[in-house]
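Student: Using the sequences plus the hints, can you model the full thing?
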Amino acid sequence: MATTYAKAEKAARAAQAAEAAEAAEAAETGSASESADAGRYAARLRHVSKSFAGPGGEQLVLDDIDLDVAPGEFVTLLGASGCGKSTLLNLVAGLDRPSAGSLTTDGRPALMFQEHALFPWLTAGKNIELALRLRGVPASERRARVEELLALVRLHGAYGKRVHELSGGMRQRVAMARALAQDSRLLLMDEPFAALDAITRDTLHDELTRIWQETGLSVLFVTHNVREAVRLAQRVVLLSSRPGRVAREWTVDIPQPRRVEDAPVAELSLQITEVLRGEIRRHG
Amino acid sequence: MADTETTTATRPTRGAEQGSVEAGLDALEVPATSRPPLRQTVVHKILPPLIAVALVLVVWQALISLKIVDDPAKLPSPADVGREFENAWLEGRLLGYIWTSVSRGLLGFLLALAIGTPLGLLVARVKFVRAAVKPVLSGLQSLPSVAWVPPAVIWLGLDNSMMYAVILLGAVPSIAGGLVSGIDQVPPLFLRAGRTMGATGLRGAWHIVLPAALPGYLAGLKQGWAFSWRSLMAAEIIASSPDLGIGLGALLENGRNASSMAMVFEAILLILFVGVAVDLLVFSPLERRVLRGRGLLVKG
Ligand SMILES: Nc1ncnc2c1ncn2[C@@H]1O[C@H](COP(=O)(O)OP(=O)(O)OP(=O)(O)O)[C@@H](O)[C@H]1O
Ligand SMILES: [Mg+2]
Numbered sequence: 001m002a003t004t005y006a007k008a009e010k011a012a013r014a015a016q017a018a019e020a021a022e023a024a025e026a027a028e029t030g031s032a033s034e035s036a037d038a039g040r041y042a043a044r045l046r047h048v049s050k051s052f053a054g055p056g057g058e059q060l061v062l063d064d065i066d067l068d069v070a071p072g073e074f075v076t077l078l079g080a081s082g083c084g085k086s087t088l089l090n091l092v093a094g095l096d097r098p099s100a101g102s103l104t105t106d107g108r109p110a111l112m113f114q115e116h117a118l119f120p121w122l123t124a125g126k127n128i129e130l131a132l133r134l135r136g137v138p139a140s141e142r143r144a145r146v147e148e149l150l151a152l153v154r155l156h157g158a159y160g161k162r163v164h165e166l167s168g169g170m171r172q173r174v175a176m177a178r179a180l181a182q183d184s185r186l187l188l189m190d191e192p193f194a195a196l197d198a199i200t201r202d203t204l205h206d207e208l209t210r211i212w213q214e215t216g217l218s219v220l221f222v223t224h225n226v227r228e229a230v231r232l233a234q235r236v237v238l239l240s241s242r243p244g245r246v247a248r249e250w251t252v253d254i255p256q257p258r259r260v261e262d263a264p265v266a267e268l269s270l271q272i273t274e275v276l277r278g279e280i281r282r283h284g
Numbered sequence: 001m002a003d004t005e006t007t008t009a010t011r012p013t014r015g016a017e018q019g020s021v022e023a024g025l026d027a028l029e030v031p032a033t034s035r036p037p038l039r040q041t042v043v044h045k046i047l048p049p050l051i052a053v054a055l056v057l058v059v060w061q062a063l064i065s066l067k068i069v070d071d072p073a074k075l076p077s078p079a080d081v082g083r084e085f086e087n088a089w090l091e092g093r094l095l096g097y098i099w100t101s102v103s104r105g106l107l108g109f110l111l112a113l114a115i116g117t118p119l120g121l122l123v124a125r126v127k128f129v130r131a132a133v134k135p136v137l138s139g140l141q142s143l144p145s146v147a148w149v150p151p152a153v154i155w156l157g158l159d160n161s162m163m164y165a166v167i168l169l170g171a172v173p174s175i176a177g178g179l180v181s182g183i184d185q186v187p188p189l190f191l192r193a194g195r196t197m198g199a200t201g202l203r204g205a206w207h208i209v210l211p212a213a214l215p216g217y218l219a220g221l222k223q224g225w226a227f228s229w230r231s232l233m234a235a236e237i238i239a240s241s242p243d244l245g246i247g248l249g250a251l252l253e254n255g256r257n258a259s260s261m262a263m264v265f266e267a268i269l270l271i272l273f274v275g276v277a278v279d280l281l282v283f284s285p286l287e288r289r290v291l292r293g294r295g296l297l298v299k300g
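In order, the protein sequences belong to chains A and B. Just so we're aligned: 249 in the working numbering is position 249 of the first sequence, and the numbers increase by one with no gaps anywhere. Just so we're aligned: 176 in the working numbering is position 176 of the second sequence, and the numbers increase by one with no gaps anywhere.
Please keep in mind that the hints were generated in silico from the structure rather than gathered at the bench. Treat the hints loosely; a few may be bogus.
To be verified - Here are the simulated DSBU-like pairs of lysine-lysine, each with C-alpha atoms no more than 30 Å apart in a straight line: (1) B:Lys127 with B:Lys45; (2) B:Lys45 with B:Lys222; (3) B:Lys222 with B:Lys134; (4) B:Lys222 with A:Lys161; (5) A:Lys126 with A:Lys161; (6) B:Lys45 with A:Lys161; (7) A:Lys126 with B:Lys222.
Tutor: Put into structure tokens, the structure is as follows:
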């Protein structure tokens, strides 16, 4: 398996180098917005397509996606089940390669999965510590940093807890702390709160908003819950289904902290839901 | 917060309130754990096997007392077998028998471990080796290792190396096979999570793949020990020779030759006892610890 990884990584690196060259070329031809300055965007997708080999030949899942995430921006990606949201996040995370198009990110993004994906052979604290260790934080600094991260997600004293001893909400918070430990500038989240009850999800929304404001991270958050999307984002991007395309975008300028019950949130959610319904109806 | 009128008014304090809501949720959702009391352990764990053993002894004694079987050459009484144990102990032979076999078994097992582990890694991770060796491993796992005793005697002669060869052929396939299935069953989610954290290549193997495969590996070790012990006993029974020293298998064979059923029973009971004791003292606690740490063991 080592060889497979090494190969994939090499390929990814080669692809990134090619992209950088491409971007530099674009800059030379004079379009300033296309410059290779990595600080200008956390992620940039241009004409990204992805198809899988299905039973009836190639199945186009994502078609010509253009998407930018600015530094410090919170974007939610909204779409019906099966429209390719996870596929898109996997591409941005570098776990898979696009069939066509170019994709650049500012460093390696951290990814938080729908399932907590914590390693059950490690305690909560050690899970977070592993992320620090893998990015080369010296052993002497790790423990203090882990405690800081645990405090950030309000889990003081959970260091020695086993994963199975934690509740679903606590696991997602540890997973969030582990993702934050990677110290990436872009945090990708794939429906991280979908399996939680409403009250727990509410509190985690508040946590995420607070952490986002405190850290200045860029977040690309995937969900199929319209209210969740509006509750969290500065910008909501709606994907259509089969193939996934960017159908529409909304800028959300309701001040934070918001609640899902707030009238402006509910109103915009209603509006977006109508459009989403229309998208789904097209396939009926 | 139920009153919509006050929503805006309560906003500034939400941080603090939020913390306490979360603490409440956490407390509600975390299961309370406690160790079972000693009395319960005795009643549920220790008593049942003791009762089972006592029952077997009672039936055994009844067979003799009621003269259902009254040929001591076929079934010795529990007292006869007890006397056999006592004599062996008083003459200082008992521990010698056990040690001869156990030291062979453990050394053979360690050797099997040293060979089976890298072999398992190779089979799991190198495509060509997997295609070539994996079917052979599964085949060997179903072949009773007694079958290897005659050729081993012919190739290696009547000495310890032949015993070790038989043990290896019994245990290596189980150990390697356990590691391979452990690695095959690592959830892809863990691999992907590792990759996003930068655990690729050797670091991925060390931090993610091996720890994730540990339960399968341990199951392989446990089965490997059982196979080691079985094949060793088969080898000792078939190939007993004075220069090999008297282990438990040889004891059984000697008992048969001397038509001493009490001695045969003594040997069988010792073989059973050692096999169970090693599993109970070494492998079961190890396996339980690993599974419990991962929350894969509900009770026990
Ligand atoms: N590895 C793969 N091979 C073949 N088809 C795939 C693969 N991964 C995803 N697909 C297909 O791509 C489509 C989009 O899948 P994806 O998981 O991205 O959807 P999603 O929007 O995340 O859905 P959900 O909201 O249910 O999580 C699906 O039709 C799925 O069958
Ligand atoms: Mg998905």
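Student: Run every hint past the structure and note whether it holds.
Tutor: Right, here's what the structure says about each hint:
This hinted pair does not check out: B:Lys127 and B:Lys45 have alpha carbons roughly 45 Å apart, beyond 30 Å. Distance restraint check for B:Lys45 and B:Lys222: the Cα-Cα separation of roughly 21 Å lies within the 30 Å cut-off, and the hinted pair is therefore satisfied. Distance hint between B:Lys222 and B:Lys134 is fulfilled; the C-alpha atoms sit about 20 Å from each other, no more than 30 Å. Between the alpha carbons of B:Lys222 and A:Lys161 the distance comes to roughly 28 Å, so the proposed pair stays at or under 30 Å and holds.
Between A:Lys126 and A:Lys161 the alpha-carbon distance is near 9 Å, which keeps this suggested pair within the 30 Å criterion. Proposed proximity of B:Lys45 and A:Lys161 is supported: the alpha carbons are some 28 Å apart, at most 30 Å. With a C-alpha separation of about 28 Å, the suggested pairing of A:Lys126 with B:Lys222 holds against the 30 Å cut-off.
Checked against the numbered hints above, the structure breaks only hint 1 and satisfies the rest.
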